[in-house]
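Residue numbers (the numbering used here), protein chains in the order written: chain C, 1 to 193; chain B, 1 to 223; chain R, 1 to 209; chain A, 1 to 358; chain W, 1 to 178; chain E, 1 to 494.
Calculated from the structure, these hints are not laboratory results.
In this text, a Cβ means the ideal position worked out from N, Cα and C, and glycines have one as well.
Take the hints with a grain of salt, since some may be wrong.
[As the list claims (entries may be wrong)] Label-pair ranges, simulated between beta-carbon atoms: (1) E/D398 / W/T168: 14 to 24 Å; (2) E/S341 / A/R347: 22 to 32 Å; (3) B/V177 / R/K135: 11 to 21 Å; (4) E/E359 / B/M178: 55 to 65 Å; (5) A/Q169 / R/G84: 54 to 64 Å.
[What the hints assert, rightly or not] Taking lysine-lysine and the DSSO-like style, the derived pairs with C-alpha atoms no more than 27 Å apart in a straight line are: (6) W/K120 / E/K436; (7) B/K122 / W/K61; (8) R/K103 / B/K97; (9) E/K444 / W/K120; (10) R/K123 / A/K234; (11) R/K81 / R/K123; (12) W/K173 / E/K436; (13) A/K184 / R/K103; (14) E/K444 / W/K173; (15) R/K33 / B/K97; (16) W/K173 / E/K473; (17) W/K147 / E/K473; (18) W/K86 / E/K473.
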Amino acid sequence: MQEYLLLMVGAILVNNVILARFLGLCSFMGVTTRVDTAMGMGLATTFVITVSSMLNWAAQAYLLEPFGLGYLRTVVFILVIAGAVQFTEMTVRKVSPPLFQMLGIYLPLITTNCAVLGVALLLIEGRMSFIESTVFAFASSIGYSLVMVIFAGLRERLALAEIPRLFAGPPIGFITAGLLALAFMGFSGISTV
Amino acid sequence: MATGYGRIARDGLWDNNGVLAMLLGMCPTMAMTTSATNGLGMGLATAVVMAASGGLVATFRGYITQEVRIPVYILIVAAMVTVVDLTMNAYMHDLYKVLGLFIPLIVSNCLPLARLESFASKEPVLPSLADGVFMGLGFTLALTAIGAVREILGAGTLFADASLLLGPAFSFMEVRVMPESMGTLMMILPPGGFLVTGFLVVGKRMIDVAGGKAIQMGGAHAV
Amino acid sequence: MNKNSSLYHGLVLGAFCLGFGLLLAVTDALTAKDIAARAMEDRQNSLAAVIPDAIHDNNPVVDTILLDVAKDEGLTVYLAKKDGLVTGVAYEVSGIGYAGRIKLMLGVGADGRVLGVRALAHKETPGLGDKIEIKKGDWIERFTGLGLGNPPIEKWKVKKDGGQFDQFSGATITPRGVVGAIREGLVFFDARKQELTQPQPPQKVNEVR
Amino acid sequence: MMIETATTSAPYTHSAASVQKTMTTVILALVPATAFNLYLFGWPAVFLFAVTVGACAAMEGLALLISGRRLMPTLGDGSAVLTGWLLAMTLPPWAPWWTGVLGAVFAILLGKQIFGGLGQNLFNPAMVARVALLVSFPVAMTSWVAPHPLFWTGTPGFLDALAITFGGQIPDGYSAATALGLVKTGLSMGQTVSQSVGQLPDLMDMGLGLRAGSLGETSALLILGGGLFLIWKKVITWHVPAAMLGTLFVAATLGHLANPERFTDGAFQILSGAAFLGAFFIATDYVTSPVSKTGQLIFGFGVGLLTWIIRSFAGYPEGVAFAVLLMNSLTPIIDQYTRPRRFGRTRRGEPLAPQGDK
Amino acid sequence: MFLLLAVGSLTIIGVVLGGILGTAARLLAVKVDPLEADLQALLPGSQCGQCGYVGCAQAAKALAAGDAAATVCPPGGKATAEALAKRLGVSIDLSDHVERGPEYAAIDEELCIGCTRCLKECSVDGIFGATKQMHTILAESCHACGKCIPVCPTEAITMRPIPVTLGTWHWPKPATAH
Amino acid sequence: MKLFAIRGGIHPEYRKELASDKAITALPMPQRLRILLHQHIGAPARLLVAAGERVLKGQMIAQGQGPVSAPAHAPTSGYIESVSEVTAPHASGLSQTAVVLVPDGKEEWAPLPTPLADPLTAEPQAIRDLVAQAGIVGMGGAAFPSVVKLHLGTQRKLEMLVLNGAECEPYLTCDDRVMREHPDEVIDGARIMAHALGAPLVIIGIEDNKPEALEAMTREAAAFPEVQVRPVPVQYPMGSERHLVQALTGRETPAAKLTADIGAVVHNVATAQAIHHAVRFGRPLIERVVTVSGRAVREPRNILAPIGAPVTALIDFCGGLVGVPARLVQGGPMMGQPLPSLDVPVIKGTSGILALNAEETGEAEPGPCIRCGTCVAICPCGLVPLEMAAFIRTDNLDGANNLGVTECLSCGSCSWACPSHIPLVQYFNYAKGMLKTKERDRAKHERTKTLTEAHRDRLERAAAAKAAAAAAKATTKGTPPAARQPRAEEPAEA
Ligand SMILES: Cc1cc2nc3c(=O)[nH]c(=O)nc-3n(C[C@H](O)[C@H](O)[C@H](O)COP(=O)(O)O)c2cc1C
Ligand SMILES: Cc1cc2nc3c(=O)[nH]c(=O)nc-3n(C[C@H](O)[C@H](O)[C@H](O)COP(=O)(O)O)c2cc1C
Ligand SMILES: Cc1cc2nc3c(=O)[nH]c(=O)nc-3n(C[C@H](O)[C@H](O)[C@H](O)COP(=O)(O)O)c2cc1C
Ligand SMILES: Cc1cc2nc3c(=O)[nH]c(=O)nc-3n(C[C@H](O)[C@H](O)[C@H](O)CO)c2cc1C
Ligand code: SF4
Ligand code: SF4
Ligand code: SF4
Ligand code: SF4
Ligand code: FES
């Protein structure tokens, strides 16, 4: 139990997908202008990461590894992810048009959200068991969502601040993200996964 | 959109620069720029993949249906990445050892896919190829610049290990700018990536403003 | 065929998979041998740093035994032999650094002295903890020739902890991890000396892919 | 007779409060602790303090010039000086001069002016600088000295002090570890907490400040006095300090009870590091903390808990600065969820049901 | 052998995935676009034609198709433009949108010859009068579409700004000076 | 007696001592009175007189029209010089229609409506008629026609009338003086109102910085068990009716509801006095007590001034100004209107005329918000002024609306306290105005739509009728063609 806890803390705070591992940054910069949108994106991504990580784990364990097809790993993983994403996209479009409208072109881009493939590759690199990898994938995406929401909150305040014109928009976003990463460095050393 | 190759080149290298203007491909931009050399290597590898996949998608675009287009694009990028990965491993092994880890991640870089969606799926083969090349070079430019700044501020060197990437002939590029003890570690740690990128976007804006252009406010996704 | 049927989409994607799968398979087939050779060279190169050429006439990369240790997968030990006799061994050891595990390759002579140490992988802070890399400094060379008696085991620590090895200014955790890993590695050698230097005949040759 | 028309609406009477007065009061509250500590750590500390405060004011002026704003009402409001003051109080007292200058760049330019200046920044400027310096220069930022009061024997004179601050060399034999640093190093060497704490000054001395540490760390009692002064002056309220110190104390006590060899006790935790300074002067920074009282309680709770977690489990010995920055990042969200209940409405914003008759 | 396996497995994944996606696309397709109806509801509906389209319905169609900008409808003003932009999910910059202040059309009593031409133009029946008699415009009804102006043979109709009264005056936005 | 806490609030410097000891003195009749037709909330009154006419004191010169309106009366006898546009006592500086009356000094009364002999047993409607005829509007500042509020008891079961003697605005002492000098009239007026409302209880809330008023009122109320006088704490804005009711009863008026919905109707003490005059003597509201104060006034006073008297006359009566004031204000300093000039008339809602010097106003250049949270802590309505202002500054009116800007009282507490001197209230006033404008635009838009549809329907009907007529014509050949005469309502074109 304790090891799973440590695994989760590590994945959420210490080696945060966005701030420490630099995965999923495009959506981090793009879909965080409002807290509710960021939350929606976080949820969608959490779903995709968790599901596709399980599928990918299975693909690795039952297809790629036994048959020595390691070189197909990237291709197979990304296909699985693409399928999972597009399925999610269509479901969201049908079930919640407002959410779909908000997430706009980002839903298809979850496919190229590095976080999804990145987490899958990390699982394989870490040689984790199925349970471990599911826990890790879920925790990583929680870390992703957490930072997305925090950052969206910060940006809502930035929208009201009188930022110098040269810095307004993306630059101040990057700088804020930098300071957030600085703050998160406080967690470094908590667990060493 | 683009008319002529000059326009494509300008767009890719500066006006619509993938990193500094469109804010795409942020992950490698942050992760692979702890030094100028890393940025250069990553950028070049990405450029190769972008050019090849742009050409391929433009070639096959007649056959790709709407519903499966994203998987197909990704498949193409992933295949190109794997080919580059295997080839480099076998025949450019020293270079591979420097870049090895980064290469699979090109697959999930948003930039190639975004260009396939917005350019190669609509334009003929040659312009698509050119778009890939120039977008890739623009990407390389940005990454190298970010890497250079981070490396200088953080470690006091510039293009350290460039000879590993480009061959011994390029060892002249490896410069020490200031003593290592003056390095501001933060710059090569995660916060530095964000900070330097932010400041480089400001730099691009200043140049644009000096050139009489308006400040570009959003990234690729600003509607 | 109806462009909107599910089968059609399936076939389109399938066709692309087929085509690119073929391409990848061919590329793999063409490059597999070279890649394997490169991997072997890499392994040889890294072993060469911890096992001097002079003491062996075999290829330690393929001359290995698998020791069962507490770890689940066992520990691969590379053997250096001259005239069939084990003159030295090399194996991986690891310690906890500032930002995670530091993996080292440790070469030990038959007499229990360190032949050489190299960092294989680590995540220490650039500029602070990465001085353990041979590229960044010769700190890692100072262990060569030392053994458990020299200095005595209680001195196998960084100076800050009362041992005899220098830490780097501002970074104690990394060297502490490295020194600790080497110390444990040597203790391990002492404990399993018999098995290591007189390996049993059914040697397990590790398949290198 | 014509009188200025319709430019500003009522009210036409105002309280005497002003930004400048607020900042000046905070500075005043810091004076006793600062003076005592400057005395305790001698000339090098005086130099570093002057450099840091001066550099912060200079950076503020520079930013105003660059952005083409008027210097005066802004530079005169005292916020930059206060930022510099607080930053100086968290630096190792004998750190070289450039830490102060670079700190001012981080604090005022990166932490404040890029966001548009006073009131617009999301993170506490002084803590941004403090953490950026710590992360960037771990060596310089963790070189502490034991107190060497002015004019005592063994204390560096004016010229020696110049060499220390501007030459960057702390002579051998002066360095000492902070309480938290000692415990942390001890733990990493396998010592138990009680062994490490045994080497420390007793709590009384810690309260008075007779120990190694930053200007703002050592004399907890004077800081406490300044904090109470601020509460009395109604510049701050009790919510943040009480929530922060309370949480830190409770968390530490629980940890200590569970495993005394692994965790230090509550009194030790709140008396060491920048806990008091943080609670009264840093976590209370208006700009970067929530505006409602409920929000402030949550904020203080968060800072206290994160401080304990980071101090006890993470790699860095100092937790307050990181905890403050982390909670700063949550402030907008806390603000959104802790808005007061509107008159005549339920917490969730629906109109109340009419009460009264029946 | 391995080659076959590789290519085979990949192809199968592809076929299956493509099939699923194709099916999903059909099953889950959103049928009609309610956008156009929504947009039309937001437009004034006076069919004045100032937008350059035949009427509000066509304007709505163009908006839905993305051929027209949210600022298409001049009489709708800023409020309509904002509402349209919100519904379309786009952001528009209205800061330099010069809005003619609120106006109404008025007939100069001296000039009106009672030709009744203007009366036929007004889509809100805001003009009253009979042949050869002076016409008046009910200011409350007029929505300033301006269609009555060009048809008047004596140029008796002009647009006038609706005056600010104590009832409509409000405090100006404070100047931000710092 | 138990009091209940209200949220937030402030304690500004009250400076009531400037005028509180000055007894009410009548203003000598000025040369000219300018009586505005629109001195109240609601529809303007309709003019009943013309230039050149002679009017008598108390004669109705303009009649209320519509459900929410009030008449105006001549404060004295004299001639109507003209009916003209004059600058209104309003921040906008816009002008308004006024009857200009030249007093003839005869003070000749017009015949007044018959007062009620025993109002406390009379029909409520009789009371309301007298109040309506007297043109009484709320004297607490809002100038809402009082008769409308006296109807509140007809649909609801009311528990009490609350008499608002808080007078929480700094400087103002007119209510204080009225309570001190005429407690009997105030209490009688209150009892009449309570009777009209059907409320069994009268509670008079007076801030406890007015001990003399409390004493006088308590003494006078002793005779009536249903009248309670209660001191309330000095806490601005205690005078706000929702807050006063909350302080007195602990009940919180739900948003978008009236205090009457929780059983209490609130009236100002001076309103009660005016109602006493109207019901007992049939006298209309033609004069009121105005506090003239501020350090830029030589000799602050409480003046009984006829409605329509020029503000200059009041100031002159106080010995004129000392130097150039920084601000001229009508009403209190917290919620008053800035006066565009001294050349404006007194209206029914004028409780004070203040001439303030720079030191008193304490105005300073606004700075950025430092998020000190003071405004949040003191807003009596539980709003977040800093956030609303930030939204409004960035033109996000919807954002401010969601945070409840329309529920802001404009009490001014937040602006008063803000250390950065941000004109918060002005942001909110601006936003409220903009939101109202938008609402009006939207309504107009709706109206246009309905009208257009009606127009189209009519055209279609006309076309159908024409077709039918043509068909009919075809069948009944030889009938002479009907004279085609386009009528205004029915243009013949399809
Ligand atoms: C802007 C600036 C930054 C500096 N940063 C550092 C630093 O990060 N570390 C450092 O040791 N010295 C720094 N210095 C100081 C000089 O490098 C100084 O010469 C050096 O510390 C001398 O120490 P050394 O002889 O041990 O190298 C800095 C000086 C300046 C002006
Ligand atoms: C950004 C940062 C990175 C660090 N990286 C390392 C590291 O790579 N290796 C290490 O041993 N210590 C590292 N440290 C830890 C500190 O330098 C720590 O104070 C030191 O290791 C403890 O040693 P001391 O006993 O000399 O104070 C790092 C600290 C910081 C702030
Ligand atoms: C902030 C604020 C303060 C007020 N202060 C007073 C006051 O001190 N005295 C008063 O009579 N009315 C005051 N009012 C007006 C009351 O809310 C209420 O309208 C009035 O008492 C009703 O009585 P009336 O209709 O007789 O004027 C205030 C209103 C607000 C919004
Ligand atoms: C009670 C109080 C505490 C403050 N604390 C800090 C602080 O910790 N760090 C800082 O840079 N400024 C502090 N300031 C000053 C000011 O708020 C700060 O410079 C702003 O964050 C700059 O926008 C404080 C001010 C007050 C009134
Ligand atoms: S301009 Fe506006 S009102 Fe006129 S037809 Fe076009 S959309 Fe309708
Ligand atoms: S401008 Fe003329 S046609 Fe248009 S609504 Fe007004 S009166 Fe009618
Ligand atoms: S003016 Fe409005 S926002 Fe400000 S304190 Fe009063 S009620 Fe609250
Ligand atoms: S009182 Fe003024 S400075 Fe303080 S939070 Fe409110 S608006 Fe900002
Ligand atoms: S490169 Fe875009 S999400 Fe990683």
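Hint check:
Between E/D398 and W/T168 the C-beta distance comes to about 21 Å, which sits within the given range of 14 to 24 Å. The hinted window of 22 to 32 Å between E/S341 and A/R347 is violated, with their beta carbons roughly 47 Å apart. Restraint check, B/V177 to R/K135: a C-beta distance of roughly 19 Å satisfies the suggested window 11 to 21 Å. About 57 Å separates the C-beta atoms of E/E359 and B/M178, a value consistent with the hinted range of 55 to 65 Å.
The hint said 54 to 64 Å for the Cβ distance between A/Q169 and R/G84, and at roughly 59 Å that hint holds. For the hint pairing W/K120 with E/K436, the CA-to-CA distance comes to about 33 Å; that exceeds 27 Å, so the pair is violated. For the proposed pair B/K122 and W/K61, the alpha carbon gap of about 25 Å is at most 27 Å, so the pair holds. For the proposed pair R/K103 and B/K97, the alpha carbon gap of about 17 Å is at most 27 Å, so the pair holds.
About 21 Å separates the Cα atoms of E/K444 and W/K120, which keeps this hinted pair within 27 Å; it holds. Distance check on the hinted pair: R/K123 and A/K234 sit about 49 Å apart at the alpha-carbon level, beyond 27 Å; violated. Distance restraint check for R/K81 and R/K123: the Cα-Cα separation of roughly 33 Å exceeds the 27 Å cut-off, and the hinted pair is therefore not satisfied. Under the criterion of a C-alpha separation no larger than 27 Å, the hint pairing W/K173 with E/K436 is consistent with the structure, at around 14 Å.
A hinted pair counts as satisfied when its Cα atoms are at most 27 Å apart, and A/K184 with R/K103 qualifies at roughly 24 Å. In summary, the hint linking E/K444 to W/K173 is supported, as the alpha carbons are separated by about 24 Å, within the 27 Å threshold. For the suggested pair R/K33 and B/K97, the alpha carbons sit about 17 Å apart, so the restraint of at most 27 Å is met. Under the criterion of a C-alpha separation no larger than 27 Å, the hint pairing W/K173 with E/K473 is inconsistent with the structure, at around 65 Å.
A threshold of 27 Å between alpha carbons decides the hint, and for W/K147 with E/K473 the separation of about 35 Å lies outside it, so the pair is violated. About 54 Å separates the Cα atoms of W/K86 and E/K473, which puts this hinted pair outside 27 Å; it is violated.
Consistency with the previously given hints fails for numbers 2, 6, 10, 11, 16, 17 and 18, ordered from lowest to highest.
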